[in-house]
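Single-letter residue listing:
There are 2 protein chains.
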Amino acid sequence: MEAGLNFCLVTNECTLPRRKLAEKLNNFGYKCVDPSRIISPAPTACSYLELNNLRPRLHVWHELEEEFASVTRPMEASGLSANCLVIGDLMNRLSRDFIDESLEIMLNSPERPVLVSLGAGRYYKDSGRLRMDTGAYTAAFEYSLGVKAVNIGKPSESFFGRALELVGGSAEDTIMIGDDIVSDVGGAKRMGMRGFLVRTGKYKASDESGHKVKADCVFANLAEAADKILAITSVSL
Amino acid sequence: MEAGLNFCLVTNECTLPRRKLAEKLNNFGYKCVDPSRIISPAPTACSYLELNNLRPRLHVWHELEEEFASVTRPMEASGLSANCLVIGDLMNRLSRDFIDESLEIMLNSPERPVLVSLGAGRYYKDSGRLRMDTGAYTAAFEYSLGVKAVNIGKPSESFFGRALELVGGSAEDTIMIGDDIVSDVGGAKRMGMRGFLVRTGKYKASDESGHKVKADCVFANLAEAADKILAITSVSL
Numbered sequence: 001m002e003a004g005l006n007f008c009l010v011t012n013e014c015t016l017p018r019r020k021l022a023e024k025l026n027n028f029g030y031k032c033v034d035p036s037r038i039i040s041p042a043p044t045a046c047s048y049l050e051l052n053n054l055r056p057r058l059h060v061w062h063e064l065e066e067e068f069a070s071v072t073r074p075m076e077a078s079g080l081s082a083n084c085l086v087i088g089d090l091m092n093r094l095s096r097d098f099i100d101e102s103l104e105i106m107l108n109s110p111e112r113p114v115l116v117s118l119g120a121g122r123y124y125k126d127s128g129r130l131r132m133d134t135g136a137y138t139a140a141f142e143y144s145l146g147v148k149a150v151n152i153g154k155p156s157e158s159f160f161g162r163a164l165e166l167v168g169g170s171a172e173d174t175i176m177i178g179d180d181i182v183s184d185v186g187g188a189k190r191m192g193m194r195g196f197l198v199r200t201g202k203y204k205a206s207d208e209s210g211h212k213v214k215a216d217c218v219f220a221n222l223a224e225a226a227d228k229i230l231a232i233t234s235v236s237l
Numbered sequence: 001m002e003a004g005l006n007f008c009l010v011t012n013e014c015t016l017p018r019r020k021l022a023e024k025l026n027n028f029g030y031k032c033v034d035p036s037r038i039i040s041p042a043p044t045a046c047s048y049l050e051l052n053n054l055r056p057r058l059h060v061w062h063e064l065e066e067e068f069a070s071v072t073r074p075m076e077a078s079g080l081s082a083n084c085l086v087i088g089d090l091m092n093r094l095s096r097d098f099i100d101e102s103l104e105i106m107l108n109s110p111e112r113p114v115l116v117s118l119g120a121g122r123y124y125k126d127s128g129r130l131r132m133d134t135g136a137y138t139a140a141f142e143y144s145l146g147v148k149a150v151n152i153g154k155p156s157e158s159f160f161g162r163a164l165e166l167v168g169g170s171a172e173d174t175i176m177i178g179d180d181i182v183s184d185v186g187g188a189k190r191m192g193m194r195g196f197l198v199r200t201g202k203y204k205a206s207d208e209s210g211h212k213v214k215a216d217c218v219f220a221n222l223a224e225a226a227d228k229i230l231a232i233t234s235v236s237l
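Order-wise, the sequence lines are chains A and B.
The numbers in the numbering used here rise by one with no breaks, and the one at position 217 of the first sequence is 217.
The numbers in the numbering used here rise by one with no breaks, and the one at position 6 of the second sequence is 6.
Just to be clear, a hint being listed does not mean it is correct.
Identical chains blur together in the list; that is why a pair holds if it fits in one copy or across any two.
Claimed, not checked - The calculated lysine to aspartate or glutamate pairs, modelled on DMTMM-like cross-linking and capped at a C-alpha distance of 25 Å, are:
(1) Lys148 / Asp133
(2) Lys202 / Glu104
(3) Lys125 / Glu23
(4) Lys202 / Glu142
(5) Lys212 / Asp100
(6) Lys202 / Glu111
(7) Lys202 / Asp97
(8) Lys214 / Glu23
(9) Lys24 / Asp227
Rather than coming from a laboratory, the hints here were simulated on the basis of the structure.
Computed from a predicted structure; not experimentally measured.
Could you build the full structure based on these sequences and the hints that come with them?
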């Protein structure tokens, strides 16, 4: 940011790698977005796999696979089979055989399989159609395998913890701006940050009154929120 | 049965209508099986729909649709949309669009949708391949819709209750013979029937010791069990 403030972008998007997300945002006119500024579920899941020596079967949209190269390359070289299922949005890749292949790999694993879910969403709208979301497919695999999944992404504490590490500030000095009162504002406030809500995207009027979570400020959009933050910081710095 | 005993066949099979199940059994050599002797989840679900004025979206293998004609015909004539989702095994019919269409119909229903599940299985083996079973897809819809499903089939009490009605005897005078220690033997014993286990099909040696449920008798196969029952009845009648 030209004003010298540290920032990062925290998203639950799990069909595109950060490289493509940054391109998309820059095409929207943000211009300053580098992939390293983006925190998304896939690379966070990849770190979790590395830390726990897990070898994944990637039950994800194919464009996302590059985010897991640091674990899949050594896995392929070792010849060892998967002991973990990473569940994302398969989109057009979804078929009965793909689902059953994921299930069979886990059931045949000599180790107790680990489930890692890239999202807890129930459904979403895409090009006017309602689609079953990752949280529901995760529930299906949990039922079949008798295993509870590890959920990555907002509003999990570890996910916001990575954001704090990246901006390098304390929670009290950090502001989260988002359009989701529960995942964005609620998740950030639980970590001790301030949570600003914007009246764009998935925002609904009831988000300002009908929830346990209350936003510290509400703005028409991101630009207005940024102006406000710049005004605060020029006073307090 | 030539011996004059009443009997019925209680199955969780939910890809074939009773008509075809009877054909299949008669081709195996049983010869005496009439579709009216079979209690399977689909017609039981259909009675449940009738009783509760529910209009189903049939999320089932197409051959099963004929079992629901008594509710789908008046529904089509009325022009009213579905307010209930009947979840079975879609087999080769499973696709992303079919799943999302079922979901969208329920989310767009002006009434709170009802979920009716034809099975609670986690997975099964078919032609050497492991397949995700109906219970798992039910869990996915429960998660997406925020609704708990009504489960039809063994070992539910209402399912065994229908079997008792059909044979027309008291529970004490009725014997259930099956290869599933929990669904067959356990379900029947909970209703006050005797439960006989056969060492065929899904039987495992641990079924005779490793379960809370204990079978009243164990036989090598159905023929041996039938001989035993005939011997008992010729003495006690």
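For each hint, the structure was consulted:
no., hint, in the structure
1, Lys148 / Asp133, "both (17 Å within a copy, 18 Å between copies)"
2, Lys202 / Glu104, "between (37 Å within a copy, 19 Å between copies)"
3, Lys125 / Glu23, "within (23 Å within a copy, 45 Å between copies)"
4, Lys202 / Glu142, "between (28 Å within a copy, 23 Å between copies)"
5, Lys212 / Asp100, "neither (40 Å within a copy, 31 Å between copies)"
6, Lys202 / Glu111, "between (40 Å within a copy, 24 Å between copies)"
7, Lys202 / Asp97, "between (34 Å within a copy, 24 Å between copies)"
8, Lys214 / Glu23, "neither (33 Å within a copy, 63 Å between copies)"
9, Lys24 / Asp227, "within (23 Å within a copy, 73 Å between copies)"
In this structure, the hints that do not hold are numbers 5 and 8, in rising order.
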